[in-house]
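The primary structure of each chain is shown beneath.
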Amino acid sequence: MSALTVYRDENPGLREQAGLYRRITKLNIKAQAAYRGEFVLGLVFGLVWQGSMVLFAGVLLLRFPGLGGWKQGDVLLIASMRLVSHGLYVATFANISRLSMYVQEGRMDGFLLRPLPVYRQVLLTQFMVPAFGDLLAGLGIFTLALFRLDLAWTPLKVLYVVGGILGGMLVEAGVQTLLAIPALRFTGMFTWANWVDQMISTFGNYPLNVLPNPVRDALTFAFPVAFIAYLPAAIVTGHTASTGIPLWLTAGAPAIGLLFFLASKAAWYRSLRWYSSVGG
Amino acid sequence: MLSEFYEWGRVSSTLVMLATRAALTYWLWHALYASTTSSAGLNAQQATTYAMLGVFYIAFRTVNRWAARDTMVQHMLEGTIAYWFLRPVSPRRYYCVRACGDLAYGACWGALAYGVCLTTGVISPPVSTRAALATLATLALGLVILYYLKLLIDLACFWTVVNFQLVIMYEIVQNVLAGALVPLWFFPGWFASFDRLLPFQGTLNVPLSLYIGRTPVSQLGGDLAVQAVWIAVLAALSTLVWRRAAARVTVLGG
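Respectively, the protein sequence lines represent chains A and B. Per the numbering used here, residue 1 is the first one in the first sequence, and the count goes up by one each step. Per the numbering used here, residue 1001 is the first one in the second sequence, and the count goes up by one each step.
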């Protein structure tokens, strides 16, 4: 009789799942730290990348009195909410944007064989070190925005900002999950994922009412950048009249983020049958 | 360069990326100038032209060698870097020819976008023929500086083995300090003074400032001299680094 022990996955509870997440993430961080210089640069990278976007917004806000009827502090709130939600996205979901690379490297075949949900395995492929820098930059700008804002904060408003940030994270994750569908067959999709990341980082920091209406609508309904930070910030700062959509839709941005992510994830799972291994 | 046509997704993505980014940049700058006629010595048309040309400049780095698994760091990790040193062409010359191909491909995109925007009146033409010639001269030297900077960053992987973050971070720093994200005229004085000590602004801010007439053509001599000094320094440094790199090629796996 062999001494081989077979471990069976018997619907683990939340505690076991969290433990598994923790163990895999710890191993991933250890793996990344093997190249010390690269690890340190990764920590700095998020700060530099998001810092450059903040610099972009900051320089413009210092030179110009406001944007599209929004005061400086209001625009900073959009930028800071987007930054924090992006930092959370990078820490938890960013691996999905690298799926085309994982397919190219043949890792996807391994994901399909292991006894863990495939999507979860993709997310746990590696730890994104730049997430630390992203979050640090985001929290720094968020603190600055709080000082520049002239708002009467209530518990409901605070709760809504937290919901808006989480909703923004889920919108970004949902967009990248949708892009990960064609990535199951086409390895060139990383360029698109990178483009989406750059577009959100560059143009997600501003009130979208400065754009022509068809473009604003496209960035609301086709490529939902508006739901990441612009619409939640519009509710908090009272700029709801210029969003071009009904108040209930503006206010529902966090919930829409959640629904959009769940729909994207379901669509991704349905598309797994299209997967084609690069090896044939 | 031809690797870009292996997957049409890369070509189409470049087209969409360039068009979208250019259009959003145009609207953003016009919105900023809605409440003022001049800022940092630039009017709306000058600022928009500068910002849009900055977007086209980023397009010079279009070739996606990452997806083609053809970046220096990928060759380093996979051990195929050894072939660079076995071919009858020296790795230094091979890298240079590759970079020229990349530049030619990126320049095609940049020229296409420039032509479309110029004919539709989205951006202004150079302020004078002399300014146009000065722009071309400084742009050419700026591209040489850009080549050497990228080369030095790539060569770092001979020491660090992995330099993914360094490559990406360099591109961001380069965009900020060259003026590709925001025209450098909008930055505070201390930032501009600090930036003048670095080679980056010679790659974009100098040619674009001449193009829009923010810098007079009479300053061309000084600008060209600074660029020439940077090229000499970076070329000497890269020669030294190539020599050292060749002496310590590490092929993973032994």
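I should point out that these hints are in silico values taken from the structure, not numbers from a laboratory. One or more hints might be untrue.
[To be verified] Calculated lysine to any residue pairs in the SDA-like style (CA-CA distance at most 20 Å, straight line): (1) K26/A <-> F39/A; (2) K71/A <-> A1031/B; (3) K30/A <-> L1077/B; (4) K30/A <-> V48/A; (5) K26/A <-> G69/A; (6) K71/A <-> Y1033/B; (7) K71/A <-> T1036/B; (8) K71/A <-> L1028/B; (9) K1150/B <-> A1232/B; (10) K71/A <-> T1037/B; (11) K1150/B <-> V1173/B; (12) K30/A <-> V1162/B; (13) K71/A <-> H1030/B; (14) K157/A <-> L139/A; (15) K1150/B <-> G37/A; (16) K157/A <-> T143/A; (17) K1150/B <-> V1097/B; (18) K30/A <-> T1160/B; (19) K71/A <-> S1039/B; (20) K1150/B <-> V48/A; (21) K71/A <-> V1097/B.
[Said to hold, decoys possible] So the derived label-pair ranges between C-beta atoms look like this: (22) V1122/B <-> L20/A: 52 to 60 Å; (23) L1136/B <-> A31/A: 30 to 38 Å; (24) R1244/B <-> T143/A: 41 to 49 Å; (25) R36/A <-> A1082/B: 50 to 58 Å; (26) A33/A <-> R1087/B: 30 to 38 Å; (27) P1125/B <-> L272/A: 49 to 57 Å; (28) R1087/B <-> R23/A: 42 to 50 Å; (29) L1136/B <-> G163/A: 38 to 46 Å.
Where is the CB? At the ideal position from N, CA and C, for every residue including glycine.
Hints, verified against the model:
1. For the hint linking K26/A to F39/A, the alpha-carbon distance of about 14 Å falls within 20 Å, and the restraint holds.
2. For the given pair, K71/A sits about 14 Å from A1031/B by alpha-carbon distance, which is consistent with the 20 Å threshold.
3. Only pairs whose Cα atoms come within 20 Å are accepted, and K30/A paired with L1077/B is accepted, the gap being roughly 19 Å.
4. Only pairs whose Cα atoms come within 20 Å are accepted, and K30/A paired with V48/A is rejected, the gap being roughly 23 Å.
5. For the proposed pair K26/A and G69/A, the alpha carbon gap of about 46 Å is over 20 Å, so the pair is violated.
6. Using a Cα cut-off of 20 Å, the hinted pair K71/A and Y1033/B holds, with the two alpha carbons roughly 15 Å apart.
7. Straight-line distance between C-alpha atoms of K71/A and T1036/B comes to about 15 Å, which keeps the hinted pair within the 20 Å bound.
8. Taking the CA atoms of K71/A and L1028/B, the gap is about 16 Å. The hint holds against a cut of 20 Å.
9. With a C-alpha separation of about 15 Å, the suggested pair K1150/B and A1232/B falls inside the 20 Å cut-off, and the hint holds.
10. With a CA separation close to 19 Å, the supplied pair K71/A and T1037/B stays within the 20 Å bound.
11. Our distance criterion of 20 Å between C-alpha atoms is met by K1150/B and V1173/B, whose separation comes to about 12 Å.
12. For the hint linking K30/A to V1162/B, the alpha-carbon distance of about 16 Å falls within 20 Å, and the restraint holds.
13. Under the criterion of a C-alpha separation no larger than 20 Å, the hint pairing K71/A with H1030/B is consistent with the structure, at around 17 Å.
14. Between the alpha carbons of K157/A and L139/A the distance comes to roughly 18 Å, so the proposed pair stays at or under 20 Å and holds.
15. For the hint linking K1150/B to G37/A, the alpha-carbon distance of about 19 Å falls within 20 Å, and the restraint holds.
16. Taken as a hint, the K157/A and T143/A pair is honoured in the structure, with Cα atoms around 16 Å apart against an allowance of 20 Å.
17. Taken as a hint, the K1150/B and V1097/B pair is honoured in the structure, with Cα atoms around 14 Å apart against an allowance of 20 Å.
18. A hinted pair counts as satisfied when its Cα atoms are at most 20 Å apart, and K30/A with T1160/B qualifies at roughly 18 Å.
19. Pair hint K71/A plus S1039/B holds up; C-alpha atoms about 18 Å apart against a cutoff of 20 Å.
20. A threshold of 20 Å between alpha carbons decides the hint, and for K1150/B with V48/A the separation of about 18 Å falls inside it, so the pair holds.
21. About 50 Å separates the Cα atoms of K71/A and V1097/B, which puts this hinted pair outside 20 Å; it is violated.
22. The hinted window of 52 to 60 Å between V1122/B and L20/A holds, with their beta carbons roughly 53 Å apart.
23. Taking 30 to 38 Å as the suggested C-beta distance range, the pair L1136/B and A31/A does not conform, at roughly 48 Å.
24. At about 45 Å, the beta-carbon gap between R1244/B and T143/A stays in the expected band of 41 to 49 Å.
25. Between R36/A and A1082/B, the C-beta spacing of about 25 Å breaks the proposed range 50 to 58 Å.
26. In this structure, A33/A and R1087/B meet the distance hint of 30 to 38 Å, their C-beta atoms being roughly 36 Å apart.
27. Remark: the range hint 49 to 57 Å for P1125/B to L272/A is upheld by a beta-carbon distance near 52 Å.
28. For the pair R1087/B and R23/A, the supplied restraint of 42 to 50 Å holds, since their beta-carbon distance comes to about 46 Å.
29. Range check, L1136/B to G163/A: about 53 Å between beta-carbon atoms, so the 38 to 46 Å window is missed.
Comparing the model with each earlier hint shows violations of hints 4, 5, 21, 23, 25, 29; every other hint is respected.
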